[in-house]
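> So the chains spell out like this:
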Amino acid sequence: MSDISALSHEYETSAKLAEELNEAILAIKKSRFHQRAGLTLDQRKALASIVGSLRQQLEAGHGVSESEFLPQEMVERLCERHRPRMAYFLDDLSRAMTVLENDLVPLDDAIVRVLDEICDAADETASSVFRRMRRR
Amino acid sequence: MPHFLQPLLHDLAERFRFLDQEMVGMAVPPEAEPCRQRIHRLVQIAKGRIDSVLADPDIGRPEFAKNFYHTYKRLSELAQAVDEGPLFALSRFRDQDRFLTKVVGMVCQEFAFPYPAPICAAMSSQYYCAMTGMDLILVPHAEATHLLGWADLYHELAHFILARNQAALLQPLRRRIGDHFQQAIDDAMRAGWTARAIEELNAYRTLWLGDWIVEFACDWFATFATGPTFAWSNLRLCARMSTDVFGTARTHPADAARTQAVLEMLGLLDGSSEIPQVEGRWQELLATIGTSEPQYFRIAYPQTLIHQLAIEAKQLFEASGLQPYNPGSKPIADLLNEAWKHFQADPSGFSRWESEQLQRLKKGFNLI
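Chains as they are written, first to last, in my numbering: chain D, 70 to 205; chain Y, 1324 to 1691.
One or more of the hints may lead you astray.
[To be verified] Keeping only pairs whose Cα atoms sit at most 27 Å apart, straight-line, the calculated DSS-like set for lysine-lysine is:
(1) Y:K1370 / Y:K1389
(2) D:K114 / Y:K1686
(3) Y:K1370 / D:K85
(4) Y:K1664 / D:K99
(5) D:K99 / D:K114
(6) D:K85 / D:K99
(7) D:K85 / D:K114
(8) Y:K1637 / Y:K1664
(9) Y:K1685 / Y:K1664
(10) Y:K1686 / Y:K1664
(11) Y:K1686 / D:K85
(12) Y:K1389 / D:K99
[Unchecked claim] What follows is a list of derived Cβ distance ranges for each label pair:
(13) Y:G1515 / D:D172: 44 to 54 Å
(14) D:E149 / Y:W1516: 22 to 32 Å
(15) D:E145 / Y:I1382: 25 to 35 Å
[Claimed, not checked] Here chain Y is said to cover these stretches of chain D; the calculated rule only asks that three of the stretch's residues, wherever they fall, bring their Cβ under 8 Å from a Cβ of chain Y:
(16) 94–104
(17) 166–172
(18) 175–182
Simulated from the structure, these hints should not be mistaken for lab results. The structure presented is a predicted model; accordingly, all values stated were derived computationally and were not measured. Beta carbons: idealized from backbone N, C-alpha and C, even for Gly.
Generate the whole structure from the sequences, applying the supplied hints.
And the structure:
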């Protein structure tokens, strides 16, 4: 009824996503740094699905993703950041998605950069919703 | 000198140790004990996470600093949410909170709430609100002794269900919304609408896909589970709190659209015979305020979309095992419907009847 319930729901969704992304990216970075096994194929596919949903939500007029609906605020943050060169960003997302879906292809710096950026947007969104719940 | 994050992690670890001790030492009534245990478990897991981050040999490496920082932020938010939410409520848990928690527990049983029932505390300054991650519902102080707003408890409980089961309950509704607005935008482009008008359609789509569908779905669920009482309760809330019944906010759709949505769901249930009465009162409210539907309203809130979504929401609730309102089978929902009937038949004598019912309920819970 009050804004708190809507924000609480929004926070739960965005914090969960931010945590999932952060854990996955930390595992990727550690595996690259220590040259050891990283994400399993299932984990890579789950990450690819998030990237795919983001791509679909960023592309105006492509309807709603079959898999996951990402918090609007996070999508808007990325949209704002990449507005002048959205086509390139969408290409980066497509490439990240294709590579993540195939566990024989290693994850390179460009993909980690894209994932880092998505992770930042998810983190900012969770923090911002948390603050709004407290009107700070 | 350690990275700036390390002392902060120690500070947070200390905070979680404090929360842990508070939760361990807290004596709460039996109906709040499952919640205390769940939140305590959450605190213990978080404490373990911080310890493992502090013990991570990579903690000082700049390559990972940002990710450890994100972990710190989420855990820090959790500590604050526990402190301000369940710990605050449980450490001041009074008789009226106990009563309301028992009511919420019974409501949850009636419609087959698929999770452990949250606790409910009468200490809100924000009307009814749910803290979905914290198993907590807050209501204003007076609600423990007044029945007419209790249908809103069902709306709040729906927030828990939707937040935890988005794929099954929200995603199909979002797909329908996406398809609807895509079609509307395609039609508008073919019809030569201005770029600004098409941009508006896009903006409505975004709002619908964000918070609006969550609020609509919570209203649909509350109507599905309580019948006409939620429609009456919604009308009362609109009368009490609306500044502009056709105005919209990012987090909430217009009250007029929500009222229409509630009536759509009611039309799919046994309580549909009360629709004309609710509609009549709604029109009286509009006439009293002296407002009328603005031109953009049906573009923002298409009637066919609301109708189709209400049908789909009902099917999704049923498929998820949630129980609809059936008069005579759900004591709390029946009581709330009875309450509205009594209130309308005898508004001035209602409080006596209400207080008798509350006494009866408390007696049934062994609270007096």
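> Holds or violated: K1370 (chain Y) with K85 (chain D), Cα cutoff 27 Å?
Given pair K1370 (chain Y), K85 (chain D) holds - Cα atoms ~18 Å apart, limit 27 Å.
> K85 (chain D) and K114 (chain D) were given as a pair; does the straight-line alpha-carbon distance stay at or below 27 Å?
17 Å, holds
> So if I understand the rule, the pair passes when the alpha-carbon distance is 27 Å or less; does K99 (chain D) with K114 (chain D) pass?
Holds, because 19 Å separates the two Cα atoms, which is no more than 27 Å.
> Against the 27 Å threshold, does the CA-CA distance of K1685 (chain Y) and K1664 (chain Y) hold or violate the hint?
21 Å, holds
> Would the pair K1686 (chain Y) and K1664 (chain Y) pass a check requiring their Cα atoms to be no farther apart than 27 Å?
Distance ~23 Å between K1686 (chain Y) and K1664 (chain Y) Cα, so the pair holds.
> Hey, K85 (chain D) versus K99 (chain D), does the alpha-carbon distance stay inside 27 Å?
21 Å, holds
> Within a Cα-Cα threshold of 27 Å, do K114 (chain D) and K1686 (chain Y) meet the stated pairing?
55 Å, violated
> Against the 27 Å threshold, does the CA-CA distance of K1664 (chain Y) and K99 (chain D) hold or violate the hint?
The hint is violated at about 64 Å.
> Are 3 or more residues of the segment 175–182 of chain D near chain Y, judged by a Cβ distance of less than 8 Å?
violated (count 0)
> Do the beta carbons of G1515 (chain Y) and D172 (chain D) sit within 44 to 54 Å of each other?
50 Å, holds
> Does the segment 94–104 of chain D contain three or more residues whose Cβ lies closer than 8 Å to a Cβ of chain Y?
Coverage by chain Y holds for the segment 94–104 of chain D (5 residues, Cβ < 8 Å).
> Between the alpha carbons of K1389 (chain Y) and K99 (chain D), is the straight-line distance 27 Å or under?
13 Å, holds
Checked against the numbered hints above, the structure violates hints 2, 4, 11, 17, 18; every other hint is satisfied.
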